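Sequences listed follow chains Z and W, in order.
Mapped onto our numbering, the consecutive letters of the first sequence carry residue numbers 2 to 350.
Mapped onto our numbering, the consecutive letters of the second sequence carry residue numbers 40 to 365.
Just so you know, these hints were derived from the structure itself, not from any lab.
Be careful, since some hints might not be right.
Label pairs and their in silico Cβ distance ranges [unchecked claim]:
hint	chain 1	residue 1	chain 2	residue 2	range
1	Z	Lys273	W	Glu356	53 to 59 Å
2	W	Gly72	Z	Asp270	51 to 57 Å
3	Z	Gln150	W	Asp190	46 to 52 Å
4	W	Gly72	Z	Arg286	49 to 55 Å
5	W	Ser176	Z	Arg303	31 to 37 Å
6	W	Ser176	Z	Lys274	27 to 33 Å
7	W	Arg226	Z	Pro72	52 to 58 Å
This structure is a prediction, so every number in the text was calculated from the model and none was measured.
Ideal Cβ positions, reconstructed from N, Cα and C, are used throughout, including at glycine.
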Amino acid sequence: MPWTEVAVERTISSRSPDKNAAGRVLSYRDALREALGQALKRDPGVFIMGEGVDDPAGVFGSTAGLREEFPSRVLDTPIAENGLTGFAVGAALAGMRPVLVHMRMDFLPLSFDQILNHAAKLCYMSGGRSHVPLVIRAVIGRGWGSAAQHSQSLQAMFMQMPGIKVVAPSSAYDAKGLLLSSIADGNPVIFIEHRWLYDVKGGVPKKEYLVPIGKGVVRRTGKDVTVVAVSLMVNEAVEAAKELKDGGIDIEIIDPRSLVPFDEKIVVDSVKKTGRLVIADMGWRSGGAAEIILGRIHDRIRRYLKADVQIVALPDTPTPASHRLEKAFYKNSGDIAKAARKAYGLRKK
Amino acid sequence: MARQGRGRDLIQIYETMLRIRLFEERVIRSYPGQEMKTPVHLCVGQEAVAAGVCRNLTDKDYVFTNHRCHGHCLAKGMSMSSILAELYGKRTGCCKGKSGSMHLSDPDRGILATSAIVGGNIPVAVGAALSLKFRKSRNIAVVFFGDGAVDEGAFYESLNFSALKKLPVLFVCENNFYATNSPQKARQPVDNIFKRGGIFGIKGFRCDGNDAVEVFDLSKGLIEKIRKGSGPYLMECRTYRWKGHVGPDCDFEKGCRPKYELDGWVRKCPVKRLEDKLSRKGLLTGSGAEKMRVKIEREISKAENFAKRSRFPNTGELYEDVYWKG
């Protein structure tokens, strides 16, 4: 397969990936678009399908213009989420590398049968003789009254399905490198993109490169509290770090980049140093990604903990529409800072 | 015996049907021994559909099937040993003991997936057909499903998309009139499965699913057209399962179905029907049929011995193949 020709970039900086950028700055959306263009060019087995992937808006710009360049391999589709996922699974089983795009992650529950019962299981059920190299791009977002069915971050549901990988890049550099890795991967990958990240800019090399799935990165070093932040929460944590620094708390920010597989070591190493942990996710609290992460690592970190672990996640209610209620619902840098202070043992300023 | 042409096809089909029948009968006999610990959904009575359709396919054509899959897998050329070992949960099974009876597969024979989710494999087959179209292949995908599967939305989503993209896929509904124990008339207002592709522009045909010749001829014509780029077709083959929904027993004694209904279908036994037809045409003699039976029984015994003697997977293999490492 053409993908075997790409050398995996294992030497990626564990501090700031942006240092690899070779001076070129791109937005998260353009990084995704560039990755898709390069994947389509590299491998005739790659194709993109989904509702509106060829329209002028191009899924928030991330697929814009690809149809003109690759007319037969950028397929607008009916709105048949479960069917589409099955079509992609079948094409993948038969040797293609489909990228299925959903403009809202909320539409994925319609395809749970194909994701959970088929994509996730076919490698195992076949004793490893078949596999499903499928990427499902799922856009999450928040705000502006998007309400209960256009806002959900459902990563935890997919983290509970063995056989699926779950990836959530927070930087433009990772968006490109992880998307190329996901397409090259032989497994089904749920690729989570936060709408608020599309305009975030960062260094992105022009060449193809792969960011390994399952390897976290330290976004900011600090000695007092470890903050594990998922997707957009990385940016919120960076804001929180500025606020906390004034108050004398130095947080270390870990961006796991992928939730399955999860880089336990990078978190454990950090907690060994700080003795305090905050986990910030965009999904719900109960049974959410943050609780799953905590469950995974708790045995390995509890002897280093100097304070209770704090979780920053959504309250267990559906998303409200009213701006006033949204403000109470969503979590931001202020909530992360508050949780870090609590973990550090200080009362609110 | 006929060495070429249609006669040869019919004899091959007969042999395939007999293999399926005798295989299933062996499963029925061995099952109470409790060594096969997997729910079996037997296709006794439905052999003509699998044998008739698959006779028109090559290893490079894809077949997708469902929980009642033994017949399709045998008709597509899977080895009995690999299937039986899988039913016995052994490491030598086609899926290393991970699939059991309901998820048999063999990519070398074009059986890419078997789904026990009713209707679940219909879109998957359409996706494989999409892949064939991308590759400009002359091969096709065939998906076998029951009348219960047409209750599912996935069926209609698949008809729509495959017609839209003119995909090389043959939808084969084995209408045995039951979904578990619910009769078709309790689930569907109109008995017209073969017409359900019509609203998408897909032509459908109904045939006697217990007449292997009819199944073979109809599918042969449709498959040839699909290979030439016609797009999808839908076949409804009316047939009947002799055994209960699951397990080696009949179920009429539990009140699941009326006995007279089963008796009527047993009189239309597809294996016997083809045998009679072939002997009337002088294509098969009584001793020829007997020789075939002996040969197949020997094959089954060999496969059963292989399955029983094979080793179980090591418990460490539990963790293998969750993710593709290639």
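Hints versus structure:
Look at Lys273/Z against Glu356/W: about 34 Å separates their beta carbons, and that is not inside 53 to 59 Å. Checked against the hint of 51 to 57 Å, the C-beta distance between Gly72/W and Asp270/Z comes to roughly 54 Å, which is consistent with it. Between Gln150/Z and Asp190/W the beta carbon distance is about 26 Å. The supplied range of 46 to 52 Å is therefore violated. Gly72/W and Arg286/Z have their C-beta atoms about 51 Å apart, which keeps the hinted 49 to 55 Å range intact.
Distance hint for Ser176/W and Arg303/Z: a CB-CB separation of about 56 Å, inconsistent with the stated range 31 to 37 Å. Hint check: Ser176/W to Lys274/Z, Cβ distance near 56 Å, so the stated range 27 to 33 Å is violated. Distance hint check for Arg226/W and Pro72/Z: the Cβ-Cβ separation is about 42 Å, which falls outside the suggested range of 52 to 58 Å.
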